[in-house]
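Line by line, the protein sequences give chains A, B and C.
Those letters in the first sequence? Residues 0 to 328, by numbering that gives the first Met the number 0.
Those letters in the second sequence? Residues 0 to 328, by numbering that gives the first Met the number 0.
Those letters in the third sequence? Residues 0 to 328, by numbering that gives the first Met the number 0.
Bear in mind the hints are in silico, worked out from the structure with no lab data behind them.
All values reported here derive from a predicted model rather than from experimental measurement.
There's no promise every hint is true.
Because identical chains cannot be distinguished in the list, a pair is counted as satisfied if it fits within a single copy or across any two copies.
[To be verified] Cross-link-like lysine to aspartate or glutamate pairs, in silico, EDC-like; alpha carbons within 20 Å at most: (1) Lys27 / Glu137; (2) Lys226 / Asp214; (3) Lys91 / Asp299; (4) Lys39 / Glu137.
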Amino acid sequence: MKNRNFITTQDFSPEELGRLIFRARELKQGGVQRTPLAGKSVALIFLNPSLRTRATMELAVRLLGGTPLTMNVGTDSWTLEHREGAVMNAGKTEHVKDAARVLSRIVDAIGVRAFAGLENLEDDLADPVISAFARYAEVPVLNMESALYHPMQGMADLMTVTERRGSTRGVKAALTWAPHPKALPTAVANSFLLAATRLGVEVTVAAPPEFPLPDPVMRLAAGNPGKVRTTTRQEEALAGAHVVCAKSWGSLACYGRPEVETKIRSRYADWIVDDKKMAGAGDAFFLHCLPVRRNVEVADAVLDGPRSAVYDEAENRLHVQAAILEAIL
Amino acid sequence: MKNRNFITTQDFSPEELGRLIFRARELKQGGVQRTPLAGKSVALIFLNPSLRTRATMELAVRLLGGTPLTMNVGTDSWTLEHREGAVMNAGKTEHVKDAARVLSRIVDAIGVRAFAGLENLEDDLADPVISAFARYAEVPVLNMESALYHPMQGMADLMTVTERRGSTRGVKAALTWAPHPKALPTAVANSFLLAATRLGVEVTVAAPPEFPLPDPVMRLAAGNPGKVRTTTRQEEALAGAHVVCAKSWGSLACYGRPEVETKIRSRYADWIVDDKKMAGAGDAFFLHCLPVRRNVEVADAVLDGPRSAVYDEAENRLHVQAAILEAIL
Amino acid sequence: MKNRNFITTQDFSPEELGRLIFRARELKQGGVQRTPLAGKSVALIFLNPSLRTRATMELAVRLLGGTPLTMNVGTDSWTLEHREGAVMNAGKTEHVKDAARVLSRIVDAIGVRAFAGLENLEDDLADPVISAFARYAEVPVLNMESALYHPMQGMADLMTVTERRGSTRGVKAALTWAPHPKALPTAVANSFLLAATRLGVEVTVAAPPEFPLPDPVMRLAAGNPGKVRTTTRQEEALAGAHVVCAKSWGSLACYGRPEVETKIRSRYADWIVDDKKMAGAGDAFFLHCLPVRRNVEVADAVLDGPRSAVYDEAENRLHVQAAILEAIL
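Excised from the complex, chain A in its bound form:
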């Protein structure tokens, strides 16, 4: 996997993803014995805030002996233009072309976090910022959550499934939409769906009718080994699931129209995942990428209860990212 980008799990075969998870579990068990990143550095470019991603990426680079260079775009460094050929006479102060090429001269990989703009669906579906970095960089580009994908999260989720169930074989997952005070991107849900189905997990996506996942993502998932079903009835998805993954996202039906979207979203406050609903999911364990709006998306009793795997899931970010860095650099 040397020198490849890590933009989406779809770019890697199920075998490759499986090997990465296997290696991540080794690293978690035995600690890191080698320093394959000695003398190497990784730029970590944040256009959006982060706790887990920042902490676990910095640590993963260091544990492997490398040097992280963390930058907040727009405060630490310059705001970024990504459109090829742009006449840069407005607010954006540096082109991704230049940032990516300059960083490529001095670091060994570039991690990028650039959330969806949530204004224009077509723009977000093109995943413009991470795509621009991938186009212009001359070193591997690592996706630390883009408009469309959060593959490190998806890998940590599937590593957690593997830890709890031995493997991903025969596993049934419910990916349920959850309420939230704000419209959020679909990246985390997309990457859970894609990573899970690529590794053979059968996924039922439950969401209110106005909250489908993006068509292109659903089509990619449909081409993966694991089956995909969708439902607008949450309890149907939870019944028989081995793992329940909750996440909120904004309505694709009224993208870029926040007033309408807020009104529609507010109708579904009862999609909160609570103990009663989890009771309908047998002995399934519970995943959420965090941060979570407690008692809005998910009840305290679920997050703090015995079936919650959310802290394992967060910790696994560290190990899976170390495995990816080791494989690529």
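Start from chain A and add chains B and C according to the hints.
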């Protein structure tokens, strides 16, 4: 002291505090010979700005061989909710419970800076953010200044006293309120008072009548070995002191009412510590935690004069924090 | 060069600058073999944003075995007052005097980035922030771009000239003003001019009549070994040049009057450096410090074309800074 929190000096015996200061002086003299934090990492979580704390904590961790992970909450990472059971449908995006538990999985200690809100006295007296971290973290929590305490500063102050006077035995200190353009928290003053009295120093607190220190802190100080007196006459406190520690703080008498507070505070501009006042303090040396509003709190002549120990005091932050990290991790 | 400040290339002899460039090229070729900064740390203080400077300074310090301490003034740390004797009862929270003295106790050098304020020409010509750091610091101060100078950039520019032309002997350079949506400081242009002329390069400065470089800088350049000419005709400067360096800066003729300045600046949009103009410069190569407003300052075809040396120039920041750190610390 392994695996204990460092939230306030009150949690440590005078002997333990003395040992930490002794070790800090050794580290300052001989340099650091060992790397007890090798392979370990410490999250440094800032809800407020910092120069000395950030620089000296990062350096202390590195000098001992460890990795600091520095994060500004709300810009680098998510805003934090600390109330147990909160329904998180408003502005705060992540619960301390989750941040503390996640960090506990990947680092070996968590340093937290979270100033007083200065809106509700009862809230601030409960020291809510650092208490929430201490409640939920599974690794030691280090106080890098909370609503109520700044124990690292208190320890650096007392280390400086020890350097200048040989020991803390028989030392008389004046802790004097000082003018300032803004209402400030009491944390630094509280921790000077508590660390000093715990180590046997006799402290006279001088402040205008509307500017007492918090009752619970005064009661704790009263239970310590060193005597405490209070006065509203600044010159009385300075007379006979071996050390003068100046600090501004807001009026507890009109907490959360900034207009009233500002009016009252502005009456006491003549509490500035200048050369004339220091002349009344014999050969006492001078402490201030910095940053200082020059020529408002303290005159240039004092800060830049031969009796100023403020840069020793700042440097000692590095050594005392290294000693604390070494003892706890 | 041990223990000297690096504020402007004028403080160093042509021989010293030449040795630094020679060493930077060695470091670039052979990698860094030694760790002369082991056990040392360098504070990197940013009052303004940065991508290249932040990334290359952090990396240079680390490559040499040292520890960088990066701080954004005003967000990470406190806002800074620099006027001696100031009564600090307004917005600024800490004096450079205290910040510089405290940092001097705990680090081995202090890098400072503090752009021109662009409000008062006399103030900016005094280069107040970096001068204050230099006055109060007890360790070497490194200029990471001040109101007047960007000497690390100037050195990287001249290193690039040396790489492309073998040496700086007999080299003719065009330093051309370029259009930009905003008024910018003159620091980069000043330091290119000073570093180039100090190393014997013959420089023609081309700019519209309202955009001279500061008189004191022109006088310094006139005293250097290389000749200086000025012209208001861009094509005249480009003809016969071996290297074209483009940069935008604001009009000194209407400093601090943004409305007037914007109107004047907007008249010169045709000063964009494009392929047609570069054709008039024979086989000259092209420099720009980045970030660049593509298709406003410089056309894509130039930046992305075979004569562009802008990424070499950016990479050389790393090597030349490593050479400077090694020489000074």
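Verification of the hints:
Only between protomers do Lys27 and Glu137 lie at most 20 Å apart by alpha-carbon distance; the minimum there is 18 Å, versus 31 Å within a single protomer. For the identical chains of this complex, Lys226 and Asp214 are intra-copy neighbours only, at 16 Å inside a copy versus 65 Å across copies, given an alpha-carbon limit of 20 Å. For a Cα distance limit of 20 Å, the shortest separation of Lys91 from Asp299 across copies, 16 Å, qualifies, whereas the shortest one inside one copy, 42 Å, does not. Only within a single protomer do Lys39 and Glu137 lie at most 20 Å apart by alpha-carbon distance; the minimum there is 15 Å, versus 32 Å between protomers.
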